[in-house]
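> Chain order of the listed sequences is R and U.
Going by numbering that gives the first Met the number 0, the final residue of the first sequence carries number 234, and the count climbs one at a time with no gaps.
Going by numbering that gives the first Met the number 0, the final residue of the second sequence carries number 302, and the count climbs one at a time with no gaps.
Just so you know, the hints here were simulated from the structure itself, not pulled from any lab data.
In this text, all values refer to a predicted model and were calculated from it rather than measured experimentally.
Just so you know, not all the hints are guaranteed correct.
[As the list claims (entries may be wrong)] If you anchor each label on the Cβ, the simulated ranges turn out as follows:
1. U/P60 / R/P88: 49 to 57 Å
2. U/R89 / R/Q210: 33 to 41 Å
3. R/F119 / U/Q228: 16 to 24 Å
4. U/Q111 / R/T2: 48 to 56 Å
5. R/N186 / U/R89: 34 to 42 Å
6. U/L91 / R/P168: 43 to 51 Å
[Claimed, not checked] Partial list, computed: chain R residues near chain U (C-beta under 8 Å):
7. S20
8. L21
9. G61
10. T65
11. P69
12. A73
13. R74
14. Y79
15. P88
16. L90
17. E94
18. R97
19. G99
20. S152
Even for Gly, the Cβ is constructed at its ideal location relative to N, Cα and C.
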Amino acid sequence: MLTLEQVGAGYGLSRVLNDVSLRVGPGELVTMLGRNGAGKTTLLRTIVGLHPVAAGKVTFAGNDVTGMMPHARARSGIGYVPQGRGIFPHLTVRENLRLGLAARFGRGEGRGAKLPDYIFDLFPVLARLSERKGGLLSGGEQQQLAIARALASKPTLLLLDEPTEGIQPSIVQDIQAALKRIRCELNVAMLLVEQYLDFAWSIADRFYVIQRGSIAAAGDTRECSADSVAHLMSV
Amino acid sequence: MGEYALLAGQLFNGVSVASILLLAALGLALSFGLMRVINMAHGEMLMVGGYLSFLTYRFAPARLGFVLALIVAFVGAAAFGALLELVLIRRLYGRPLDTLLATWGVSLALQQAARSIFGAIGVEVTAPKWLSGSFTVKSGAMAGFNLPYVRLFIIALAVAVLSGTWLLIQRTRLGLYVRAVHQDREMAQALGVNTGWVDLAVFALGTGVAGLAGSVLAFIAPVTPTVGQSYIVYAFLVVILGGLGNLLGTLLAAAVVGLFSAGAQIFTSVSFADVLLLMFVIAFIQFRPSGIFAARGRALEEA
Ligand SMILES: Nc1ncnc2c1ncn2[C@@H]1O[C@H](COP(=O)(O)OP(=O)(O)O)[C@@H](O)[C@H]1O
Ligand SMILES: [Mg+2]
Numbered sequence: 000m001l002t003l004e005q006v007g008a009g010y011g012l013s014r015v016l017n018d019v020s021l022r023v024g025p026g027e028l029v030t031m032l033g034r035n036g037a038g039k040t041t042l043l044r045t046i047v048g049l050h051p052v053a054a055g056k057v058t059f060a061g062n063d064v065t066g067m068m069p070h071a072r073a074r075s076g077i078g079y080v081p082q083g084r085g086i087f088p089h090l091t092v093r094e095n096l097r098l099g100l101a102a103r104f105g106r107g108e109g110r111g112a113k114l115p116d117y118i119f120d121l122f123p124v125l126a127r128l129s130e131r132k133g134g135l136l137s138g139g140e141q142q143q144l145a146i147a148r149a150l151a152s153k154p155t156l157l158l159l160d161e162p163t164e165g166i167q168p169s170i171v172q173d174i175q176a177a178l179k180r181i182r183c184e185l186n187v188a189m190l191l192v193e194q195y196l197d198f199a200w201s202i203a204d205r206f207y208v209i210q211r212g213s214i215a216a217a218g219d220t221r222e223c224s225a226d227s228v229a230h231l232m233s234v
Numbered sequence: 000m001g002e003y004a005l006l007a008g009q010l011f012n013g014v015s016v017a018s019i020l021l022l023a024a025l026g027l028a029l030s031f032g033l034m035r036v037i038n039m040a041h042g043e044m045l046m047v048g049g050y051l052s053f054l055t056y057r058f059a060p061a062r063l064g065f066v067l068a069l070i071v072a073f074v075g076a077a078a079f080g081a082l083l084e085l086v087l088i089r090r091l092y093g094r095p096l097d098t099l100l101a102t103w104g105v106s107l108a109l110q111q112a113a114r115s116i117f118g119a120i121g122v123e124v125t126a127p128k129w130l131s132g133s134f135t136v137k138s139g140a141m142a143g144f145n146l147p148y149v150r151l152f153i154i155a156l157a158v159a160v161l162s163g164t165w166l167l168i169q170r171t172r173l174g175l176y177v178r179a180v181h182q183d184r185e186m187a188q189a190l191g192v193n194t195g196w197v198d199l200a201v202f203a204l205g206t207g208v209a210g211l212a213g214s215v216l217a218f219i220a221p222v223t224p225t226v227g228q229s230y231i232v233y234a235f236l237v238v239i240l241g242g243l244g245n246l247l248g249t250l251l252a253a254a255v256v257g258l259f260s261a262g263a264q265i266f267t268s269v270s271f272a273d274v275l276l277l278m279f280v281i282a283f284i285q286f287r288p289s290g291i292f293a294a295r296g297r298a299l300e301e302a
């Protein structure tokens, strides 16, 4: 599904990612762990196409997408929930969701492209807020909107960058529950960047730990205990 | 002559000048708001529109020619803008100074080309018969107040174009994409919006509207190789005053600039009115020092 082969990327002259190789299979849930500044966000941005690849190769759904524009990658099935959520502040919730259809319009689905019902089923709060401006939502509401918007494009791979960061605990539980439902009910692969080790372990099939821009550990969440990687993440 | 006729006449003139400024400034405001591009050749799009209208009148029968000229001017200038965006502006993305210089070069080249093809002296376009009359108040305080149909038409056209642009931005899918790109270009891309295409469409639309302005301008003044230059300065003033990329601001600023210069002309000469206008704009920016660029944040979506 998604493969990275010896990917390198950086800002100007400083290298942030070195020799990163990883794989996410169809329908698989893979978590990416690592300290602040390890390069997780940069890695996801590289996969989405917002950050240039300096070395190596990115393959998605059998195609080499290394030099492909972000909009083309989105159209080919990559959904992205960025760190900070990326909600359009002056657009309403409904308009934000409609933008989730852009990839499908671009794919040529035409007027038939509609918001899937399960979005409001997963996040009932969005139906109530549909005319509210995105910038006026709480952090938790914005996060739910960002996930719903990514799902609206019917992605085959969903990239989530710290979806529970800076969100009040009660909503964190809602979001975690929703992610579990997405995992069970929708046939979508996920690459999840997480800080909550326990939650990551409870939902993921496999894990990678990234340290100073390189993969420091990888494995199966059922075979390794969470404790075995905890020391790689502590500050 | 009634006592208010002169004042009313200048007011009306001001509104019609404001309408042309609005058409000329709209594209500048949009393309700066979205792409942060300052197109120095934007004035020449008026010129292109003017000459295209002139040519259309020569080859098409008068009655049809009028509508045809508007369409040809719009489509021609839009195509020109699209070409400019594809060949030049897109390649200089993120390099504002280079863009400024390159488009300035295009502006000079277009003026020279017009000089070679049409001559340095302007060409005249006569408005169709039904547009060349005027409405005059016969008696009372407003006696002598004269409303030329051409200017009424220009005002109507500006209103139509502004409403159309507003509807396009608020009500269509392209408009939604434009607003999204304006607020967060990267996120829009990551959701599958082809931002290159959105830029192109907006840029071409803006130059097309400038072409329309050139087309109607031809009715009230000869089309010359430098016609763009004489309007572009005011258009820039409008854009600076109105806040870049802000439709409502552009509308208000066009009204202020148009009315100010027409009003000042009652009391002084044209050139002194320009000096006053410039002083006014400078004073305004003093009071809103963060004005020009900070205004970008609240642009398209609130208009
Ligand atoms: N825009 C930027 N310019 C320069 N360096 C950056 C930029 N963004 C991130 N970095 C650097 O890249 C490294 C990885 O950052 P990031 O990918 O955000 O890490 P993480 O998401 O794991 O916290 C950090 O050392 C950070 O300082
Ligand atoms: Mg991060």
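> Confirm or reject each hint.
Structure-based check of all given hints:
1. U/P60 / R/P88: 49 to 57 Å: holds (53 Å)
2. U/R89 / R/Q210: 33 to 41 Å: holds (39 Å)
3. R/F119 / U/Q228: 16 to 24 Å: violated (56 Å)
4. U/Q111 / R/T2: 48 to 56 Å: holds (55 Å)
5. R/N186 / U/R89: 34 to 42 Å: Given a distance of about 38 Å, which is inside 34 to 42 Å, the answer is holds.
6. U/L91 / R/P168: 43 to 51 Å: Distance hint for U/L91, R/P168 holds at roughly 49 Å.
7. S20: This hint is violated: R/S20 lies away from chain U, its Cβ roughly 23 Å from the closest one there, beyond 8 Å.
8. L21: violated (20 Å)
9. G61: violated (19 Å)
10. T65: Result: violated, 16 Å to nearest chain U Cβ.
11. P69: holds (4 Å)
12. A73: Since the shortest Cβ distance to chain U is 4 Å, the answer is holds.
13. R74: Given a least distance of 5 Å, the restraint on R/R74 holds.
14. Y79: holds (5 Å)
15. P88: holds (7 Å)
16. L90: holds (6 Å)
17. E94: Nearest chain U Cβ about 6 Å off; hint holds.
18. R97: Holds, because the Cβ-Cβ distance from R/R97 to chain U comes to roughly 6 Å (cut-off 8 Å).
19. G99: This hint holds: R/G99 lies near chain U, its Cβ roughly 6 Å from the closest one there, short of 8 Å.
20. S152: With a minimum Cβ separation of about 6 Å from chain U (threshold 8 Å), the hint on R/S152 holds.
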